[in-house]
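The sequence shown maps to residues 546 to 689 in my numbering.
Quick caveat, the hints were computed from the structure, so don't treat them as lab data. A virtual CB, placed ideally from N, CA and C, is assigned to each residue, including glycine. There could be a bad hint or two in this list.
[Claimed, not checked] What follows is a list of derived Cβ distance ranges for each label pair:
| hint | residue 1 | residue 2 | range |
| --- | --- | --- | --- |
| 1 | SER623 | ARG600 | 38 to 44 angstroms |
| 2 | PRO684 | THR640 | 29 to 35 angstroms |
| 3 | ARG573 | ILE615 | 34 to 40 angstroms |
| 4 | GLY603 | THR640 | 29 to 35 angstroms |
| 5 | PRO608 | GLY638 | 36 to 42 angstroms |
| 6 | ALA561 | VAL616 | 41 to 47 angstroms |
| 7 | PHE673 | ALA561 | 31 to 37 angstroms |
| 8 | GLU568 | ASP601 | 22 to 28 angstroms |
| 9 | ARG600 | THR640 | 25 to 31 angstroms |
| 10 | SER558 | PRO684 | 35 to 41 angstroms |
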Amino acid sequence: MEQRITLITLGVSDLARAKAFYEALGWRGQEVEETVFFQAGGLGLVLWSRDKLARDCGLEPGPAGGFDGIVLAHNVRSDAEVDALLAAAERAGATITKPAAVNVVGFYSSAFTDPDGHAWEIAHNPGFPLAEDGTITLPDFGGE
């Protein structure tokens with residue numbers, strides 16, 4: 546398996562609400578056959594029915610809400626961008642779960658959940674500089 550991710554699919558309970566939330570953050574996507582596709586840099590973010598997604602993966606649909614062990618991250622170029630994006634997310638209907646502050650690792654970050662409970666971290670980490678096109682290259686941590 547090549548070391549890459551091509552799509553991230555979020556299971557949502559109300560497709561129209563989820564699409565409106567991401568559009569309120571400035572994202573532009575395409576809806577095709579009850580599925581919304583957003584180009585997100587070099588990968589795709591997909592919104593699809595939570596129940597259909599579970600069944601498609603051979604799983605039983607479960608209740609939404611609660612932490613499911615996945616956090617999507619969006620790194621920005623300054624602390625001010627963290628604050629601005631967090632405010633925009635709240636206006637769009639996000640629930641702020643962690644106000645912006647310097648975290649235990651030493652960089653500025655915050656967190657929110659979208660209307661379906663999917664967690665997002667917004668961070669400015671000078672140790673993870675962003676290219677002009679928004680891509681990130683992880684530093685060499687000196688390990689194996």
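Cross-check of the supplied hints:
no. : hint                                 : in the structure
1   : SER623 to ARG600: 38 to 44 angstroms : holds (42 angstroms)
2   : PRO684 to THR640: 29 to 35 angstroms : holds (32 angstroms)
3   : ARG573 to ILE615: 34 to 40 angstroms : violated (24 angstroms)
4   : GLY603 to THR640: 29 to 35 angstroms : holds (30 angstroms)
5   : PRO608 to GLY638: 36 to 42 angstroms : violated (20 angstroms)
6   : ALA561 to VAL616: 41 to 47 angstroms : violated (25 angstroms)
7   : PHE673 to ALA561: 31 to 37 angstroms : holds (34 angstroms)
8   : GLU568 to ASP601: 22 to 28 angstroms : holds (24 angstroms)
9   : ARG600 to THR640: 25 to 31 angstroms : holds (27 angstroms)
10  : SER558 to PRO684: 35 to 41 angstroms : holds (38 angstroms)
Checked against the numbered hints listed earlier, the structure breaks hints 3, 5, 6; every other hint is satisfied.
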